[in-house]
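Engineer: Sequence:
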Amino acid sequence: MSIAHRALSDIALAWMKFVTTGELEFETLRPEIAESWQRCYQAGIDPYDGTCYDVLDSSELEFLREKHRDLIEIARPFMTNLYKFFEGSGYIVILTDAQGYILEAFGDEDTLKDAIGLNFIKGANWTEDAVGTNAIGTALLLKMPIQVSGPEHYCRKHHAWTCSATPIFDHNGNVLGILDLSGPSNEAHLHTLGMVVAAGEAIREQMRIRQKNRELTLANSQLSGIIQTMCEGVIAFDARGIIIRLNPASEQIIGRKSRDLVGKPVRDILGNRVHFIDKLLVGRDTFNEVEVMVDSVDGLIHCLVSGKPILDDQGVFTGGVILLRPIERVQKLVNRFSGAQATFRFRDIIGESAGIREAIRMASLAASSMSTVLLQGESGTGKELFAQAIHNRSPRRKGPFVAVNCGAIPRELIASELFGYEGGAFTGAKRGGRPGKFELASGGTLFLDEIGEMPLEQQVALLRVLQERRLTRLGGDKVIPVDVRVICATNKNLLGEVEKGNFRRDLYYRVNVITINIPPLRERPEDIPILFKHFLERISREWGKSFDGVDPEVVEHLKRYHWPGNVRELQNVVERMVSIAEGSRITAEYLPEEIYRPWHSESCEASSFVQVARIEEEREKRKRMQAERERRRILELLSKHGGNISRVARELGVSRNTIYRKMKIYNININK
Numbered sequence: 001m002s003i004a005h006r007a008l009s010d011i012a013l014a015w016m017k018f019v020t021t022g023e024l025e026f027e028t029l030r031p032e033i034a035e036s037w038q039r040c041y042q043a044g045i046d047p048y049d050g051t052c053y054d055v056l057d058s059s060e061l062e063f064l065r066e067k068h069r070d071l072i073e074i075a076r077p078f079m080t081n082l083y084k085f086f087e088g089s090g091y092i093v094i095l096t097d098a099q100g101y102i103l104e105a106f107g108d109e110d111t112l113k114d115a116i117g118l119n120f121i122k123g124a125n126w127t128e129d130a131v132g133t134n135a136i137g138t139a140l141l142l143k144m145p146i147q148v149s150g151p152e153h154y155c156r157k158h159h160a161w162t163c164s165a166t167p168i169f170d171h172n173g174n175v176l177g178i179l180d181l182s183g184p185s186n187e188a189h190l191h192t193l194g195m196v197v198a199a200g201e202a203i204r205e206q207m208r209i210r211q212k213n214r215e216l217t218l219a220n221s222q223l224s225g226i227i228q229t230m231c232e233g234v235i236a237f238d239a240r241g242i243i244i245r246l247n248p249a250s251e252q253i254i255g256r257k258s259r260d261l262v263g264k265p266v267r268d269i270l271g272n273r274v275h276f277i278d279k280l281l282v283g284r285d286t287f288n289e290v291e292v293m294v295d296s297v298d299g300l301i302h303c304l305v306s307g308k309p310i311l312d313d314q315g316v317f318t319g320g321v322i323l324l325r326p327i328e329r330v331q332k333l334v335n336r337f338s339g340a341q342a343t344f345r346f347r348d349i350i351g352e353s354a355g356i357r358e359a360i361r362m363a364s365l366a367a368s369s370m371s372t373v374l375l376q377g378e379s380g381t382g383k384e385l386f387a388q389a390i391h392n393r394s395p396r397r398k399g400p401f402v403a404v405n406c407g408a409i410p411r412e413l414i415a416s417e418l419f420g421y422e423g424g425a426f427t428g429a430k431r432g433g434r435p436g437k438f439e440l441a442s443g444g445t446l447f448l449d450e451i452g453e454m455p456l457e458q459q460v461a462l463l464r465v466l467q468e469r470r471l472t473r474l475g476g477d478k479v480i481p482v483d484v485r486v487i488c489a490t491n492k493n494l495l496g497e498v499e500k501g502n503f504r505r506d507l508y509y510r511v512n513v514i515t516i517n518i519p520p521l522r523e524r525p526e527d528i529p530i531l532f533k534h535f536l537e538r539i540s541r542e543w544g545k546s547f548d549g550v551d552p553e554v555v556e557h558l559k560r561y562h563w564p565g566n567v568r569e570l571q572n573v574v575e576r577m578v579s580i581a582e583g584s585r586i587t588a589e590y591l592p593e594e595i596y597r598p599w600h601s602e603s604c605e606a607s608s609f610v611q612v613a614r615i616e617e618e619r620e621k622r623k624r625m626q627a628e629r630e631r632r633r634i635l636e637l638l639s640k641h642g643g644n645i646s647r648v649a650r651e652l653g654v655s656r657n658t659i660y661r662k663m664k665i666y667n668i669n670i671n672k
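Throughout the sequence shown, residue numbering follows the UniProt record's numbering, covering 1 to 672 in sequence.
Calculated from the structure, these hints are not laboratory results.
One or more hints might be untrue.
[To be verified] What follows is a set of in silico ranges between Cβ atoms, one per label pair, in the way DEER data are often shown: (1) 298 / 546: 51 to 59 angstroms; (2) 186 / 43: 24 to 32 angstroms; (3) 172 / 129: 40 to 48 angstroms; (4) 625 / 410: 43 to 51 angstroms; (5) 564 / 288: 20 to 28 angstroms; (6) 584 / 466: 51 to 59 angstroms; (7) 512 / 361: 16 to 24 angstroms; (8) 423 / 562: 13 to 21 angstroms; (9) 533 / 512: 32 to 40 angstroms; (10) 466 / 355: 26 to 34 angstroms; (11) 628 / 544: 25 to 33 angstroms; (12) 355 / 551: 27 to 35 angstroms; (13) 496 / 355: 40 to 48 angstroms; (14) 208 / 481: 31 to 39 angstroms.
[Said to hold, decoys possible] No more than 20 angstroms apart at the CA atoms, straight line, and that leaves these computed lysine to any residue pairs for SDA-like: (15) 533 / 509; (16) 398 / 483; (17) 398 / 409; (18) 84 / 106.
In this text, all values refer to a predicted model and were calculated from it rather than measured experimentally.
Quick reminder that beta carbons are idealized off the backbone N, C-alpha and C, glycines included.
Let the sequences and hints guide you as you build the complete structure.
Structural biologist: What follows is the structure, given as structure tokens:
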């Protein structure tokens with residue numbers, strides 16, 4: 001807005017009337033000027049002054065200019081061009097921040113000297129609140145361009161000036177600062193404001209471009225960082241299929257440096273035999289996780305390959321990106337999060353007996369070897385624990401540990417489970433196929449438990465894989481190399497199974513390279529107290545329980561038992577005792593019946609009358625202990641619930657009649 005066609009003398013009279021009487025002549029003043037005068041009057045600004053007293057010191061100004069360096073750098077050329085147009089006319093060009101502090105000022109020297117008298121200088125706050133109505137402060141307040149000339153200024157010291165100012169907005173519509181052109185009031189012209197507005201818009205556009213470039217640079221930097229740190233290989237190529245960039249993971253997979261690959265056709269890596277590359281280059285088709293043998297300096301690498309075309313905003317093909325993921329790495333990642341990890345180590349094998357120490361010694365020797373290991377032992381002796389310990393001490397400890405129970409897999413599924421299958425290999429097969437346990441264990445250890453249960457027809461395939469160290473999936477024709485260390489386990493006499501014709505002799509000699517015999521628990525009774533203490537401490541901690549001690553007869557009963565389920569059975573017995581124990585001590589009454597009996601049933605049948613009497617005596621003792629425990633529990637609950645039979649029955653999960661009957665048996669009288 002401009003006052004080019006208004007008489008400054010009329011406005012001067014209106015100003016004098018307002019500052020002396022407080023009355024406004026609205027017919028003479030523009031609305032935005034009248035409203036500004038009212039704000040200044042209410043703020044108590046001295047109309048006869050106009051000097052700025054809010055001026056930053058040098059350090060504050062330096063900090064502010066650094067903060068708005070982008071705005072100053074972009075605005076300066078436009079300010080220079082604007083000044084050149086008015087050079088010699090007494091004008092100065094001003095740039096402020098969004099709070100009205102002057103960041104930059106230059107122009108005619110005489111005008112700059114006059115401005116110093118008003119503190120119209122760098123670092124000065126030129127808002128309405130500081131110096132009254134002026135183009136900078138009012139434009140900042142109204143968020144719109146404005147020209148203020150002569151007596152339109154609220155302060156008399158500014159009446160010699162004409163000022164044209166416009167806000168500079170960012171791309172979100174927020175005010176970044178004010179661009180102002182100030183000079184003698186007799187030089188006021190309508191077009192002055194238009195030129196300032198045009199310069200302000202140009203600054204705004206350049207700020208937008210710089211911000212967009214900065215965002216693009218940041219995005220490119222972030223994208224480059226992501227690509228550079230990806231575990232998968234990334235290969236970018238142009239519209240002709242020529243490689244233009246690849247990341248370090250690609251170099252590692254292929255075994256060649258970027259300088260040797262950039263400028264080469266992508267087919268040189270994936271091979272002309274890969275038809276889907278042509279579809280990507282010609283048909284612009286995306287493909288996902290296709291299994292491909294990629295050429296590398298070390299031979300063919302089995303990879304999952306994905307490809308995607310890159311189109312411009314017109315839909316024109318400009319190139320594409322290919323993602324390489326070695327199958328081995330994918331399998332390791334799957335194994336890592338699917339629990340295919342060995343957690344036990346040799347220190348987790350508890351026992352001091354000669355038999356268990358010898359088994360540990362042999363297993364430690366086997367760990368440093370790559371030979372196949374055969375673990376022999378009854379069920380529950382800890383064969384998988386030994387297998388995991390061997391893996392964790394072997395050079396393959398960073399690889400997967402995959403366990404397969406050959407006896408738990410249906411006969412018709414063993415081959416697909418071990419060797420994998422291609423899509424459509426059989427009814428119910430997954431569309432994309434599936435890798436077998438041998439592939440999943442590549443680079444690590446495959447534990448074949450209960451190998452004696454494997455059907456004869458699959459023993460042939462297993463023998464071939466062990467000999468050739470490569471396999472072909474069911475329904476496929478692609479030969480896949482596998483790097484696996486095999487540990488087998490059995491609770492059978494494999495040599496006896498060979499003699500019976502149930503196990504192939506050639507496979508027996510292949511898996512029976514290092515044999516480790518794990519003794520049953522009954523053959524190492526000296527380990528029972530150690531194992532019992534270990535399980536009791538661990539399970540009590542897990543259950544949040546603690547006990548003051550264990551009755552000696554508990555360990556005696558445990559040592560006397562024959563343990564058909566071995567260590568696994570002992571662990572389960574301890575868990576049962578911890579779960580049902582109510583007192584502060586572990587006593588014999590918490591033992592299962594088959595262990596609590598002082599002798600095995602076979603011994604009882606041949607025992608003397610005295611032995612039988614002793615058995616009966618112990619049984620009666622146990623009944624008395626159980627009865628006393630029940631009596632104490634009822635008394636405790638009666639006290640807790642104030643003698644309320646219904647609540648006691650509800651907490652025990654029985655009827656009221658049962659409680660009354662028990663009270664009669666135990667001679668409990670609640671009236672006492």
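Engineer: Against this structure, judge whether each hint is valid.
Structural biologist: These are the hints, each one checked on the structure:
| no. | hint | verdict |
| --- | --- | --- |
| 1 | 298 / 546: 51 to 59 angstroms | holds, 57 angstroms |
| 2 | 186 / 43: 24 to 32 angstroms | holds, 29 angstroms |
| 3 | 172 / 129: 40 to 48 angstroms | violated, 25 angstroms |
| 4 | 625 / 410: 43 to 51 angstroms | holds, 48 angstroms |
| 5 | 564 / 288: 20 to 28 angstroms | violated, 53 angstroms |
| 6 | 584 / 466: 51 to 59 angstroms | holds, 55 angstroms |
| 7 | 512 / 361: 16 to 24 angstroms | holds, 19 angstroms |
| 8 | 423 / 562: 13 to 21 angstroms | violated, 52 angstroms |
| 9 | 533 / 512: 32 to 40 angstroms | holds, 36 angstroms |
| 10 | 466 / 355: 26 to 34 angstroms | holds, 29 angstroms |
| 11 | 628 / 544: 25 to 33 angstroms | holds, 26 angstroms |
| 12 | 355 / 551: 27 to 35 angstroms | holds, 28 angstroms |
| 13 | 496 / 355: 40 to 48 angstroms | violated, 21 angstroms |
| 14 | 208 / 481: 31 to 39 angstroms | violated, 57 angstroms |
| 15 | 533 / 509 | violated, 40 angstroms |
| 16 | 398 / 483 | holds, 14 angstroms |
| 17 | 398 / 409 | violated, 27 angstroms |
| 18 | 84 / 106 | holds, 11 angstroms |
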